[in-house]
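Student: Now for the letters of each chain:
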Amino acid sequence: MALAADHSTDTVLNARADARAQGGQVSDWMPYLPASTSPFAPDGVDPESLTWAETVAPGSYTHKVLARGTRFRLEDPTGEACAHTLVYNALEPTERLNVADTQKIPWQAYLGAGHPLLSGDGRVLATILADTSGRHDAFCGTSTAAWNALRYGTALPEGPAPAGRDLFVKAAAKHGLGPADVPPSVSFFQGVRVAEDGSFDWSGSSGAGTAVELVAELPLLVLIANVPHPRDPRPEYIVGPLRVHAWRTPETHPTTPADERFDASPEVRRAYLNTLDYAEARGL
Amino acid sequence: MTTTIDNPVMRPVTTVPVPVTTYLTPDGQLVSSVPVGASYADGTHLEWGDPLVPGAVVLDEQVAPRASWSGVVRAGQVLTIVDVGGNQSGDCLLYNADHTDERYSAPDTLAWQDNAYIRTGTVLRSNLGRALMTVVGNEIDRQDTIGGACSRESNTLRYGHHVMYHHGCRENFLTEGAKHGLGMRDIVSNINWFMNVPIEEDGALGIVDGMSAPGRRVALRAEIDTLVLISNCPQMNNPCNDFNPTPLRMIVTEPDVDYEVGQ
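First to last, the protein sequences are chains A and B. Note that my numbering gives residue 326 to position 249 of the first sequence, counting from 1, and the numbers run on in steps of one. Note that my numbering gives residue 1106 to position 194 of the second sequence, counting from 1, and the numbers run on in steps of one.
Chain A extracted, bound-state conformation:
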């Protein structure tokens, strides 16, 4: 009732005027279009080079296809974001993040700067270039409706505690992918560590203002669900906004043999070789 009283919508013309009067407002979470208008362009990045600028609402999701060589940056302005992330080869999305290979091939379970996000096809989909958080997780995946119902009493997608998997399923659907195309994911900004007996020690966030920066090694479909980590011990569904920026400049490029990280290890070197081989053959 209160809402209706503020609107004059009795005719089409009035309704149109009323709708149009709502444009131009700002929210704490919204995409910025064109991306160059972002109020939060990362330091040192020419706003004109931005191709994606968005603040993702707590409990919501975003998705984008990025050109090969694009840099993208996830930022946690409050220390409460949790960026559950999936990446796919946008040209052939059966090639997607493989968490097992991402941990096994580099002989390292914890994500950080220099860590490749590997597909199951022996290639690097994206590389983590920089990381000021150090609190990430590749073990626990994201939340399901069953988990959130248990933890928070509700998991309705339209409710206050949506599950990460349900958001991923919707994001995937918008790129023609189905529920079977949502594999285990990684999460940024909320960490766990594995104790000697295998139990998970919650390390949580490292505070406000941290960021991770990645580069797309192939044309990349990125899905992000910003929901609490499933092992977050707090009884409330607590998650902060997530800031996303992506840009392309003459300096941004997929990893090549000229980059130090290309030779970081024999395993990752061969992964980059496989990636370049694929790109070359496809004429990318």
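Just so you know, not all the hints are guaranteed correct.
Residues from chain A that face chain B, not an exhaustive set, calculated with beta carbons under 7 Å [to be verified]: (1) His140; (2) Lys181; (3) Trp224.
Everything labelled a hint here was simulated from the structure, so no lab data went into it. Here the structure is a predicted model, which is why all the values come from computation and not from measurement. Note that CB positions come from ideal geometry on N, CA and C, so glycine has one too.
Here the structure of chain A is known, so what remains is to put chain B in place on it, guided by the hints.
Tutor: Below, chain B alone, put in the same frame as chain A:
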């Protein structure tokens, strides 16, 4: 060319294929492109075992070294997997038999139990968080679900491009999954029965020497009708099968009584 394992206990007795891929070399030699040692060495000690949970046997099959296997375990039935030769990784994927979009999820299994290893009592959960199977018996310290499956592609990263044509678990999953309408999108992080992947304090992890032995078993009770895919790991370059691929035995029993964890 095949050999038959003489084991009257099992039914049906299947055959173990011996690598026959051949190449006629310029000097007239017939050689195999399958590496020497791909199947277990003569004299390997094998323990075929028994069901871990007693009951009427409804299925009893061998999985040859390097081969794939699948079967449906009905709700309430118990699948015993026997590590016949010891330290033979059985790479395993699980699906809701009636609706395969619901499938095993390593992260859900681990997050729900708040532990990175599978042991007795672990509930093997789906991507919807539901129980597919429960580990009701287990004869090794811990089972792995972090190491993933080997593949031709990841082998090139791990060992070099010279191993590109070695057989791998993802090949087995594709072969076996195709029998059930499953493809690339359906292969997710799997379980590795009898494989050992420790996670060290600094996050270092890797496949190391196993903790199993001939005849060791794990028993899984199906909570819903579950399609089980197995790749009897053919990896030739790491200790996930002691560098000596051996058979697995799959036994499904209808337990005499409701069998509880640790009974």
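Student: Now look at each hint and say whether the structure bears it out.
Tutor: Here's how the hints hold up against the structure:
no.	hint	verdict
1	His140	17 Å, violated
2	Lys181	6 Å, holds
3	Trp224	5 Å, holds
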